[in-house]
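Participant: Chain order of the listed sequences is A, B and C.
In this text, residue positions in the first sequence follow the numbering used here: the first is 1, and each later residue adds one.
In this text, residue positions in the second sequence follow the numbering used here: the first is 1, and each later residue adds one.
In this text, residue positions in the third sequence follow the numbering used here: the first is 1, and each later residue adds one.
The hints are simulated quantities; they were obtained by calculation from the structure and are not laboratory data.
Check the hints yourself; a few may be wrong.
[What the hints assert, rightly or not] Within a straight-line C-alpha distance of at most 30 Å, the following computed DSBU-like cross-link-like pairs (lysine-lysine) qualify:
1) C/K46 <-> C/K62
2) A/K119 <-> B/K32
3) A/K323 <-> C/K71
On a predicted model such as this, the values are computed, not experimentally measured, just so you know.
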Amino acid sequence: MARQQITERVIETDVLVMGGGIGGCPAAAKAAEHGLNVTLVEKSKLERSGKAGQGLDEIGIFPRDGLTPLEAVRIYLGKSSVYDRGGTERVVNPRVLFKLFDNAMWALEELEKLGVNMKYINGEYGWMPWGFAAGGELGPKVELRVHWQNVKPEMAAGVRKRGINVIERTMVVDLLTHNGKVAGATAVNTRTGEFIVFKAKAVVIASGDLERHYNSPTPHFWKYKMGLNTCPAASSGDGQAVAYRAGAYLSCMEMMRPVTIRDIVLMQPGQLHLNDGIPAKVFTWKGDEISRPPGPLQFMELERQGLAPLYYSLEHLPDDFQKRLEVHIADETMLRLKMSQDRGFNPRTHRYQIVGDRAVRFNNTGIVIGDNLEALRGVYAVGECTDTYGIGAGGTAVAGFVVGENICNYVSGAGEPPLDKAQVEYQRQTALAPLAVKDGVEPLELECTIRNICEEYGGTFKSEGRLREGLKRLGSLKREFLPRLMAPNPHYLMRCLEVRNIMALAELHLQASLERKETRGLYIRLDCPQRDPSLDNRRVYQRMVNGQATIEMVDVPELSPDFVKEKK
Amino acid sequence: MESTPIKIDYRRCNGCRKCYELCPMDIFVLDKEMDMPLVAYEEECGFCGICWMECPKRAIDIVYPVSFW
Amino acid sequence: MTETGPDKHYEERFEYPLWKMIRQRAEEKDISYNAAYQEILPEYLKLIKYGDTEWVDAQIKKYNQETAMLKERESQRKTEGG
Chain A
1 MARQQITERV
11 IETDVLVMGG
21 GIGGCPAAAK
31 AAEHGLNVTL
41 VEKSKLERSG
51 KAGQGLDEIG
61 IFPRDGLTPL
71 EAVRIYLGKS
81 SVYDRGGTER
91 VVNPRVLFKL
101 FDNAMWALEE
111 LEKLGVNMKY
121 INGEYGWMPW
131 GFAAGGELGP
141 KVELRVHWQN
151 VKPEMAAGVR
161 KRGINVIERT
171 MVVDLLTHNG
181 KVAGATAVNT
191 RTGEFIVFKA
201 KAVVIASGDL
211 ERHYNSPTPH
221 FWKYKMGLNT
231 CPAASSGDGQ
241 AVAYRAGAYL
251 SCMEMMRPVT
261 IRDIVLMQPG
271 QLHLNDGIPA
281 KVFTWKGDEI
291 SRPPGPLQFM
301 ELERQGLAPL
311 YYSLEHLPDD
321 FQKRLEVHIA
331 DETMLRLKMS
341 QDRGFNPRTH
351 RYQIVGDRAV
361 RFNNTGIVIG
371 DNLEALRGVY
381 AVGECTDTYG
391 IGAGGTAVAG
401 FVVGENICNY
411 VSGAGEPPLD
421 KAQVEYQRQT
431 ALAPLAVKDG
441 VEPLELECTI
451 RNICEEYGGT
461 FKSEGRLREG
471 LKRLGSLKRE
481 FLPRLMAPNP
491 HYLMRCLEVR
501 NIMALAELHL
511 QASLERKETR
521 GLYIRLDCPQ
531 RDPSLDNRRV
541 YQRMVNGQAT
551 IEMVDVPELS
561 PDFVKEKK
Chain B
1 MESTPIKIDY
11 RRCNGCRKCY
21 ELCPMDIFVL
31 DKEMDMPLVA
41 YEEECGFCGI
51 CWMECPKRAI
61 DIVYPVSFW
Chain C
1 MTETGPDKHY
11 EERFEYPLWK
21 MIRQRAEEKD
31 ISYNAAYQEI
41 LPEYLKLIKY
51 GDTEWVDAQI
61 KKYNQETAML
71 KERESQRKTE
81 GG
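Excised from the complex, chain A in its bound form (with noise of 0.2 Å):
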């Protein structure tokens, strides 16, 4: 495609929000609500973008039936979920998950208005408790069971009712800053190769996790290389690699979370490990049940007692918690029961295989976010690319709430944002180069080249010299391959930014594994295998300045008494 044909243009916005996912719909929402004149661009459609796309069966966790919010912070600090195994891997920020529990109930109310349907049991919510409750007592009912096969659509149709001016097929190649404020952003159409210059004077970002530097453990690759078990489009980093650009901080990009399962492509864990409050079982390959199942660690362990591989079993299950797991398979991607029967994973007696010895997903790191949830100046955060976005996407509608009800203050005394000419023409040149190549890298290739590189230099057990290793090699390639990647059209110069999105976090990740010299629940660094307490409570900080790449240990923020009694 020549570059001839790439047409221009300008939008003047009051608050440009980068995604149309559970976090970027409810900020949009909330600010047009306002009064303010909103922007969404949505790298795919509005309908069925971001992980919750294809549908959720739980939202939590909402402080209610006796569990207040500082409770609910201690709990999520402290305990040791199925997710931790063991211990708190994620450090993340308790002022800003107060912020998100004590809003979350106002919060069901806003989805309610924004015409998103919850009350299925005799038009009332359907209360579920949380995760485990040990020891025969039953935990307080805290999460919200939902049948949101169509949450997108009817969030969507709530959106377009508020006269947001919604860009589709649109993704955003970066910030555009002036004097330490947000000015806006450019982005690249992604079917006609458009490029739009966004003039704002506020951004919120809730473009979804990253995931994509790392397979998943189904499939194994041979040419399907997106066929990983949670939205490709909201996993490749886009927000983080865009707002660190732009000289945010990020956070705890070494710590990473376990998949559970092998055949993640047919079986959540949310369908393990909650299932409205009887979880699966584990057993040994032999046949004996354990209580819980182990870290990586302890699973490699139990592979030389030869008792690995480990199994979930739904098999206990009474014939009404099976119908359930069917309700819930189907809420949340429908698609998973035909491959399931097709396969025979019949959870009345198969068996799950778990992976135990692989920690690839990322949780709680990302965009440094403060009281307010910003991140830079103008510049908001929520969902899964910040460091904080408390549980699944409950935690993220309640952020897009919160900062679409408070974003009028800062853009009332914003003024107008003046744009850098040569910021934008930088942007424009980087984000369109690719049309021009001839004869160079494919980006699905190179992406897979970066993945092997953190399969191989990072992973679950890490150490200091396969990190230097890996960072040479990731320092070659960026150097090397990225400035070769080709876009024959403006979809391939989708994938062609969504890499170097990639590329960036995953150097960031090696980095972070570097300099934390520790081993911490489930980060593992088998040359430093004690946990060093002067590291407890502090967390890795990533942040450019004047082109530098700088990194530094910063203590968590306290959650202090009277940030508590202030509330919102």
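Given chain A, put chains B and C in place with the hints provided.
Facilitator: For chains B and C alone, coordinates are given in the frame of chain A:
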């Protein structure tokens, strides 16, 4: 030799373009002559099943590829 | 290797009762699977004891008690040096 995990049955397809509109990975294009959707970026399919469940004529069949197992 | 081990089957095809209902409704009315599910869901939810909190709580309690006993056995084995 080509096997595709996403198969469109054009006898059933009514050209509504829902798959093309909704695909999160944008793997469809529109065939200009037939005015029907085509899978153009097959290896980028995320197997979310959205096209399959949204198609009003149930014209899309998805089979997980062998490499998933 | 026990009878109920993972070897038992990997390819015995089956059909979820829910999926059967979705498929049949979709074929009957010639609508999308999504649309069929939206119709089926309220009917299927009636088959589930969502409202019977006593029964549900009892099931969860039973599971939790079994888990507690298992943990007890495991910690005993540990202290015995097993």
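Participant: Hint by hint, say whether it matches the structure.
Facilitator: Hints, one by one, checked against the model:
no.	hint	in the structure
1	C/K46 <-> C/K62	holds, 24 Å
2	A/K119 <-> B/K32	violated, 44 Å
3	A/K323 <-> C/K71	holds, 28 Å
Hint 2 from the earlier list is the only one contradicted by this structure; the remaining hints agree with it.
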